[in-house]
Amino acid sequence: MYPSDYRYTKEHEWVKVSGDTGTIGITDYAQHELGDVVFVEMPAVGAKIAAGKVFGTVESVKAVSEIYAPVSGEVTEANALLSATPETLNTDPHGAAWLVKIKLSNPSEASALMDAAAYQAFISEKEASA
Amino acid sequence: MRYLPKGAAERREMLDAVGAPSIENLFSSIPEQFRLKEPLRLPAAMSEQEIIEYFRARAAENSVGYTSFLGAGVYSHLRSVVTDSLIQRGEFLTSYTPYQAEISQGTLQAIFEYQTLMCQLTGMEVSNASMWDGSTATTEAVLMAERLTGRHRVLVARSLHPEYRQVLDTYTRNLGLRIDEIGFTGTGQLDANRLEGAITSETAAVVVQSPNFFGILEQIPRLASVAHAKGALLVVSITEGVSLGAVRPPVEADIVAMEGQSFGLPQSYGGPYAGVIATREKFVRQMPGRLAGETVDSTGKRGYVLTLATREQHIRREKATSNICTNQALCALAVNIHLCLLGKEGLKELAAQNIAKARFALDELEKIRGVRRSFSGPFFNEFVVEFPRSVKMINAELLKHKIIGPLPAGSYFSDLTKRGLFCVTETVSRAEIERMAAAIRDILAKPI
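Protein chains in written order, with the working numbering: chain A, 3 to 132; chain X, 11 to 458.
Simulated from the structure, these hints should not be mistaken for lab results.
Errors might be hidden in some of the hints.
What the hints assert, rightly or not - Calculated pairs, DSS-like style, for lysine-lysine (alpha carbon to alpha carbon, straight line, at most 25 Å):
#, chain 1, residue 1, chain 2, residue 2
1, A, K64, A, K18
2, A, K50, X, K329
3, X, K329, A, K64
4, X, K456, X, K402
5, X, K412, X, K402
6, X, K47, X, K16
7, X, K377, X, K358
8, A, K12, A, K64
9, A, K103, A, K55
10, A, K12, X, K292
11, X, K358, A, K64
12, A, K128, A, K50
13, A, K55, X, K412
14, X, K240, A, K50
15, X, K292, X, K329
16, A, K50, A, K12
17, X, K329, X, K311
18, A, K105, A, K64
19, X, K16, A, K64
20, X, K377, X, K410
21, X, K329, X, K358
The shape of chain A in the complex, shown without the other chains (with noise of 0.2 Å):
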């Protein structure tokens, strides 16, 4: 379910890191606590975005939720794909779904980040005390 090259946070977001660029999207998990997705709002190309803080907002016909970044970079690209079929992020989260693609500015801080394992654990416990 959850690939294993990718890092987790706590707020449900992966990232995948291939040399000083990190890949972003969020989990499984996350696009089925939002319901059918409506909207996504990401940042600009250019625009820098700290680990931790928000960066984007996920819009699903019951909430707005803002995505937090895994880690720190400059974002390079941003998913076209969103901004026409962002229900894209309820069908393929990890894969085609991804929202931005960053230029790490540390690229240590992914190791700080859950593996898939972690994360499988920290969703099941969630699961099972909700």
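Go by the hints and put chain X onto chain A.
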């Protein structure tokens, strides 16, 4: 809502339930010196008959039979009894904000129709379900422009209604927004050259009212291109909606904020009115309030939903687009009904009547020696004239003739003393206009 009377026994029961020895005890956290020691000074209870007598006496104090030439943001227009009888239906009158929106199909349909009419009138693509009033809608438009551009400076026409400006100042006092004013020329229109000189790449919005406070129509296309050249948004505020029956809608604007009072709402001491905010579809996510949409249900039948509400304060609290996007649903419904009764042709005819009467009144006034039109720009149903004497003095005399004269512009603009802002709508007859002009001629002919 039921009125639930309570006596000593009920009070005791409630105090026991919360474990308080007395009502005074409930206020013990308020320091002694701030507590009221004596009873409130309220009149003694009255019987039903006494209350009826009391209000009859108050009603008899009302002045009747006066002809008014006041406008300046609040307009006297004919209203149909149909509007009042429809909005007083219990289904509409008693319902509050539809938090479980889709249960209230009738309410949503009414909102949807209102939004559609507002888009048709303003030339915009989307309208919300209504705001508090024209002044707060104008302010919300400015805040919206700030969010959309990420800029924090605003250029506001000096000819924006001074009270709208006050509301804007109150809202933005602690928001770090810098507001600069742009004056007007001899036409009464915004000084476009000054605007070009003042606008920078840090300007979020240019705010202009049309017809403006002096009744003058602004050159919207030109102002829009000046604003857009610097990446700023053009906010157009409209206090007199009836003008849209004759004037080209401000299609070049990015956000239109309007007061809906002219469409079926009585003047009644300044409210409640209905604020309109309409914009381009691409800006809809930053528009405050809610939006009703038309859709089909699972069997293909037409139905209405709250399409956009997720950024409202009851869902998003501190991160809502606005925390004061109170929806004037009942007033918006009155606007909807009034406009449907008028129809497209009716609105055009109404606007034409207003133009004709205002023009006639100005012509009559200009025949009087010493009376001059102040601004040369095109106007709708309001205009400013300059008198050789104080407007307040003239008005005091006019009152003796049961005429409520023009608004003294000097009360709002210190450089516009001796100028009166007249409003002439379809509610004033030709004979009344002639009587007013004759009275002013007599007043000015008398030695001071």
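Hints versus structure:
For the hint linking K64/A to K18/A, the alpha-carbon distance of about 28 Å lies beyond 25 Å, and the restraint is violated. Only pairs whose Cα atoms come within 25 Å are accepted, and K50/A paired with K329/X is accepted, the gap being roughly 21 Å. The suggested pairing of K329/X with K64/A holds, with an alpha-carbon distance near 15 Å, which does not exceed 25 Å. The straight-line distance between the Cα atoms of K456/X and K402/X is roughly 16 Å, inside the 25 Å bound, and the hint therefore holds.
The straight-line distance between the Cα atoms of K412/X and K402/X is roughly 15 Å, inside the 25 Å bound, and the hint therefore holds. For the given pair, K47/X sits about 23 Å from K16/X by alpha-carbon distance, which is consistent with the 25 Å threshold. Restraint check for K377/X and K358/X: not satisfied, since their Cα atoms lie roughly 29 Å apart, outside the 25 Å limit. Only pairs whose Cα atoms come within 25 Å are accepted, and K12/A paired with K64/A is accepted, the gap being roughly 21 Å.
Restraint check for K103/A and K55/A: satisfied, since their Cα atoms lie roughly 16 Å apart, inside the 25 Å limit. Restraint check for K12/A and K292/X: not satisfied, since their Cα atoms lie roughly 33 Å apart, outside the 25 Å limit. A hinted pair counts as satisfied when its Cα atoms are at most 25 Å apart, and K358/X with K64/A does not qualify at roughly 42 Å. Proximity of K128/A to K50/A is assessed by CA-CA distance (about 31 Å); at most 25 Å being required, the pair is judged violated.
This hinted pair does not check out: K55/A and K412/X have alpha carbons roughly 65 Å apart, beyond 25 Å. Among the hinted pairs, K240/X with K50/A is consistent with the structure: their alpha-carbon atoms are about 24 Å apart, no more than 25 Å. The straight-line distance between the Cα atoms of K292/X and K329/X is roughly 20 Å, inside the 25 Å bound, and the hint therefore holds. Taken as a hint, the K50/A and K12/A pair is honoured in the structure, with Cα atoms around 21 Å apart against an allowance of 25 Å.
Straight-line distance between C-alpha atoms of K329/X and K311/X comes to about 35 Å, which puts the hinted pair past the 25 Å bound. Of the pairs offered as hints, the one joining K105/A and K64/A is violated, with about 32 Å between alpha carbons and a cut-off of 25 Å exceeded. With a C-alpha separation of about 41 Å, the suggested pair K16/X and K64/A falls outside the 25 Å cut-off, and the hint is violated. Pair hint K377/X plus K410/X holds up; C-alpha atoms about 22 Å apart against a cutoff of 25 Å.
The hinted pair formed by K329/X and K358/X fails the criterion: a straight-line CA distance of about 42 Å is larger than 25 Å.
The structure shown violates the earlier hints numbered 1, 7, 10, 11, 12, 13, 17, 18, 19, 21.
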